[in-house]
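Starting from the given sequences, assemble the full structure and let the hints guide the process.
There are 2 protein chains.
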Amino acid sequence: MKLASLKSTSLDGELVVVSRDNKTAVKVNTIAKSLRGALESWALCQPKLQDEYEKLNAGKSPEAFSVDETKFHSPLPRAFQWVDGSAFIHHVKLVRMARNAPLPETLETVPLMYQGGSDCFLAPNEDIPQRGFSHGTDFEGEVGVIVGDVPMGATPEEALKCIQLFVIINDVSLRGLIPAELKQGFGFLQGKPSSAFAPFAVTADELKGAWSEGRIHLPLLVEYNGKFFGKADAGQMHFHFGDLISHVAKTRNLSAGTIVGSGTVSNEDMAVGSSCLAEQRMLEKIHQGEFKTPFMKVGDTIKVQMLDKEGSDIFGTINQKVVQAE
Amino acid sequence: MKLASLKSTSLDGELVVVSRDNKTAVKVNTIAKSLRGALESWALCQPKLQDEYEKLNAGKSPEAFSVDETKFHSPLPRAFQWVDGSAFIHHVKLVRMARNAPLPETLETVPLMYQGGSDCFLAPNEDIPQRGFSHGTDFEGEVGVIVGDVPMGATPEEALKCIQLFVIINDVSLRGLIPAELKQGFGFLQGKPSSAFAPFAVTADELKGAWSEGRIHLPLLVEYNGKFFGKADAGQMHFHFGDLISHVAKTRNLSAGTIVGSGTVSNEDMAVGSSCLAEQRMLEKIHQGEFKTPFMKVGDTIKVQMLDKEGSDIFGTINQKVVQAE
Chain A
55 MKLASLKSTS LDGELVVVSR DNKTAVKVNT IAKSLRGALE SWALCQPKLQ
105 DEYEKLNAGK SPEAFSVDET KFHSPLPRAF QWVDGSAFIH HVKLVRMARN
155 APLPETLETV PLMYQGGSDC FLAPNEDIPQ RGFSHGTDFE GEVGVIVGDV
205 PMGATPEEAL KCIQLFVIIN DVSLRGLIPA ELKQGFGFLQ GKPSSAFAPF
255 AVTADELKGA WSEGRIHLPL LVEYNGKFFG KADAGQMHFH FGDLISHVAK
305 TRNLSAGTIV GSGTVSNEDM AVGSSCLAEQ RMLEKIHQGE FKTPFMKVGD
355 TIKVQMLDKE GSDIFGTINQ KVVQAE
Chain B
55 MKLASLKSTS LDGELVVVSR DNKTAVKVNT IAKSLRGALE SWALCQPKLQ
105 DEYEKLNAGK SPEAFSVDET KFHSPLPRAF QWVDGSAFIH HVKLVRMARN
155 APLPETLETV PLMYQGGSDC FLAPNEDIPQ RGFSHGTDFE GEVGVIVGDV
205 PMGATPEEAL KCIQLFVIIN DVSLRGLIPA ELKQGFGFLQ GKPSSAFAPF
255 AVTADELKGA WSEGRIHLPL LVEYNGKFFG KADAGQMHFH FGDLISHVAK
305 TRNLSAGTIV GSGTVSNEDM AVGSSCLAEQ RMLEKIHQGE FKTPFMKVGD
355 TIKVQMLDKE GSDIFGTINQ KVVQAE
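Order-wise, the sequence lines are chains A and B.
Residue numbering for the first sequence follows this note's numbering, starting at 55 and increasing by one per position.
Residue numbering for the second sequence follows this note's numbering, starting at 55 and increasing by one per position.
Just to be clear, a hint being listed does not mean it is correct.
Note: identical chains are not told apart, hence a pair may lie in one copy or across any two.
As the list claims (entries may be wrong) - Calculated lysine-lysine pairs in the DSSO-like style (CA-CA distance at most 30 Å, straight line): (1) Lys61 / Lys375; (2) Lys102 / Lys87; (3) Lys351 / Lys304; (4) Lys237 / Lys339; (5) Lys77 / Lys102; (6) Lys304 / Lys346; (7) Lys87 / Lys215; (8) Lys363 / Lys281; (9) Lys375 / Lys357; (10) Lys125 / Lys363; (11) Lys147 / Lys304; (12) Lys351 / Lys125; (13) Lys61 / Lys304; (14) Lys304 / Lys125; (15) Lys304 / Lys375; (16) Lys87 / Lys61; (17) Lys237 / Lys304; (18) Lys237 / Lys147; (19) Lys357 / Lys304; (20) Lys125 / Lys87; (21) Lys77 / Lys87; (22) Lys125 / Lys357.
Source of the hints: derived by calculation from the structure; they are not laboratory data.
Take a look at the structure:
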């Protein structure tokens, strides 16, 4: 099943079911007004939404309309919780090297995660506002999950069973602000402005076998300014999603609708490219002696998507441009 | 005006207006179902709520009922954003000393703030679950504000004008988990479980002149296990609330309903006591050579409230007990 949110007068958007081929959609506000609402009553809503999805795929939804991705917001235009991991250790190594920060001693044993801002996400096609080039705007291509209620103390195995939906993310990062901010010791705030998500959140069956061992075993496709930038395998997470969710739930319950991100998808194989500029810059520094690629400037574009094994676009596309903030 | 949320089947609680003397309340669901909803349409709702408040205080609300604080949730049982400062520098100095962590170089020039979890707060009288004594459960008495929409780039002066309501907070902290967590470099996650708020959120006029220069110039009263623990002046914030809000809004818009905390209220004058155990423990270590007071154990109780200059309880009372988590 594929679910999405049309931009609307509601800050939560308007829930729609999207066809498997991403071509048509149907409003389902008699089932739930928003995806957030559906997630908060998932046991009740899920079977009804699944019925609508099957009708839509069979061409039997009289109210179906053509999908225009620019009309969609992120699947959850806002969420009560967004926690992001850094589960690809190659990424942690490269970005810490880039800012001359030491590696955590617990790098391979304790997930590295942060609490992110979630009160207003960007839409999949929304411009990324930049107040100053010196902020060092970067993209980060990630995969993520949306969970139901997770009880405090859930094990990684129990946590995996709480996953309801999958998403892909552009976790916008301001590399010019992050070093000073992290040096203060309290994590990210200014350095992580609003993230954007591809328009469609999907259930596990839409991943057609690529979802196993708590990981999505497919490449995340990243295009920067219209050119290939990365196709790293999202299956190479060191910690899987159950580990990440369980880590956050150690001392508290997580509410339905919590989004958990993988961190920047990153592989050691240089042939697959990168999912953020910071990694490419660090590789330039290592192999060519200096940073060459600048961070994003006004007008730069970033595209993120993921295709299944048959080449079909699973989540729709993140397609953003950097603009000067007012 | 005093606003509050009754516990209800809705995860956002049910909005009520509370009388100035905290004795009676009235449901106002024809104006807004929840405080969150009211904050999202503040210009429309505020005058109507004010009318109900005046009727209630005049004894002219036929539907008024007696207040029982145990029936109330935190004013916002959940929020899309909770960011907490550490604006009392004396607190930063003592807790960093306690965990042998260096002081940030920017201690007096850049606010120290973190993004907190906000998907499910504890109610004012709700037990604090403890999974293990080794987690080092501590309370932190704080003051806070709830803002309307704040545009990216708002100055401290502009930010002050966005404040709609005031609250007081128990920001539960797990001192046994924080040092290792902060050492990883990404801020708090396991070390800051759900916070609780006193039941009533109030407008500036209820502070009767104690609100000036972006600070609440009143002592925060803290009782631990039924005995005096602290009465530190909340007016001694180094950074005021406008500074804190502006800091967070540097690179992003803040949505209406965002809660901003002061951090633990703390004064250099030892006669006023402390608003958290970590400070008292560090003072014991400095002056008596060793930590004496243990962190909270099952059965311990914590009470936080604030009286105005005439001795009236402004926000109602936080009254919590530590219990063994299941």
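Consistency of the hints with the structure:
1. Lys61 / Lys375: within (19 Å within a copy, 44 Å between copies)
2. Lys102 / Lys87: both (13 Å within a copy, 26 Å between copies)
3. Lys351 / Lys304: Only across copies: Lys351 and Lys304 sit 18 Å apart there, 40 Å inside one copy, limit 30 Å.
4. Lys237 / Lys339: both (23 Å within a copy, 27 Å between copies)
5. Lys77 / Lys102: This pair counts as within: shortest intra-copy Cα distance 21 Å, inter-copy 45 Å.
6. Lys304 / Lys346: between (42 Å within a copy, 28 Å between copies)
7. Lys87 / Lys215: within (25 Å within a copy, 33 Å between copies)
8. Lys363 / Lys281: within (22 Å within a copy, 65 Å between copies)
9. Lys375 / Lys357: Answer is within: at 9 Å inside a copy they meet the 30 Å cutoff, but 50 Å across does not.
10. Lys125 / Lys363: within (27 Å within a copy, 54 Å between copies)
11. Lys147 / Lys304: both (26 Å within a copy, 28 Å between copies)
12. Lys351 / Lys125: within (26 Å within a copy, 53 Å between copies)
13. Lys61 / Lys304: The answer is between: 26 Å across copies meets 30 Å, while 35 Å in one copy does not.
14. Lys304 / Lys125: between (38 Å within a copy, 28 Å between copies)
15. Lys304 / Lys375: between (38 Å within a copy, 20 Å between copies)
16. Lys87 / Lys61: both (12 Å within a copy, 23 Å between copies)
17. Lys237 / Lys304: Answer is both: 25 Å inside a copy and 18 Å across each meet the 30 Å cutoff.
18. Lys237 / Lys147: both (17 Å within a copy, 16 Å between copies)
19. Lys357 / Lys304: between (35 Å within a copy, 26 Å between copies)
20. Lys125 / Lys87: both (17 Å within a copy, 29 Å between copies)
21. Lys77 / Lys87: within (22 Å within a copy, 37 Å between copies)
22. Lys125 / Lys357: Only inside one copy: Lys125 and Lys357 sit 17 Å apart there, 49 Å across copies, limit 30 Å.
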